[in-house]
Amino acid sequence: MNLYNRRTLVGGAAIALLIAGVISYFASPSPDGLEKAQEELGAAGPVRPAVEVPPVVFQEYNLKGLGEGFWANAAAGVTGSLLVLALLLGVGYMLCRRARPSPLSPPWERGRG
Amino acid sequence: MHIASGFLSPPVWAASAAVSGTALAASLALARRRLDDRRIPLMGVMGAFIFAAQMVNFPILPGTSGHLGGGFLLGILLGAPTGVIVMASILVVQALVFQDGGVEALGANIFIMGVVPCLLGAAARGLWLRPKPGLAAYAVTLAAGILAIVAGASLAILCLWWSDALPRGISLAHALALMGGIHAAIGIVEGAVSVAVVRFVLAVRREAVLGPACADPYKEAA
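Going down the list, the protein sequences come from chains A and B. Be aware that the first sequence starts at 145, since it is given in this note's numbering, and climbs by one per residue. Be aware that the second sequence starts at 6, since it is given in this note's numbering, and climbs by one per residue.
Okay, chain A solo, but in the shape it has when bound (with noise of 0.2 Å):
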């Protein structure tokens, strides 16, 4: 991978965990925009049978077993930027490399394109 990718990758994951891991902790608990309008509106609960996702490892934002401070937050945060970061560069490679034709292709499939 050459510099200016990597500069990109370095620098995007380190400003993206510095919120995840830190600042977010100092996030607003209140309800967010949804909520609070269902709250008003008075449909605040579920009307029919939700599906669970089981809490494995995260209990929503708190990495389970850490309770709900600081690095339970932390721990969430970092992993989940990590996880959309791998997830986006492993489908971003994919779809690249199958854009790139092999100099095996055929020549109409080997121009720009």
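Rather than coming from a laboratory, the hints here were simulated on the basis of the structure. Incorrect hints may have been included.
Stated by the list, open to error - Covered stretches of chain A, as calculated for chain B (at least 3 residues, CB under 8 Å): (1) 148 to 161; (2) 178 to 187; (3) 192 to 203.
Small disclaimer: the values here were computed from a predicted structure and weren't measured. Where a beta carbon is used, it is the ideal one built from N, C-alpha and C, also for glycine.
Start from chain A and add chain B according to the hints.
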């Protein structure tokens, strides 16, 4: 703005899953033809950034918070197809790992926070690709950012309405006005943050945003 589990009726979540699934498939097909490999690291870190930013709820009214949507910003920086792929990835991770947003509501959430704002962002993208984006770019981005959030919020209410998830006696107009009002305030932040982040990314990684339509397949990155 994630719709939680237990609200959407089967016809609504199935229809929205079909729409978002189609949009995602089309996005993958388009990105496959056009993705520049310099845009991949940007796409990855923008995904990580939006995930992080969505954790930061900021107070907007007493007892109410909001968080960045991010799809609008992704539409400007990456274009609609790549933006939709990034937003869908974030929402899947949030739903499956962090119990944020219902699994059956994924289609609706991808449409509300991905497809719609990404298209609006992509519409504003042209203004930023000019040599010197000026006041027009800032003003249009702010306005379109508000529109992106209010449109998504209205769609969320419509999905709840079609699912009979709003109590009887609540008028649709009242629900839309309440939701729209709260989200207009969130939208101002969304628009302003989008302007700031786009300016920053253009300043440090202009080539990755502009890029050629496709990297030269024979020029291997050094």
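Check your understanding: Which hints from the list above does the structure break, by number from lowest to highest?
Key -> none
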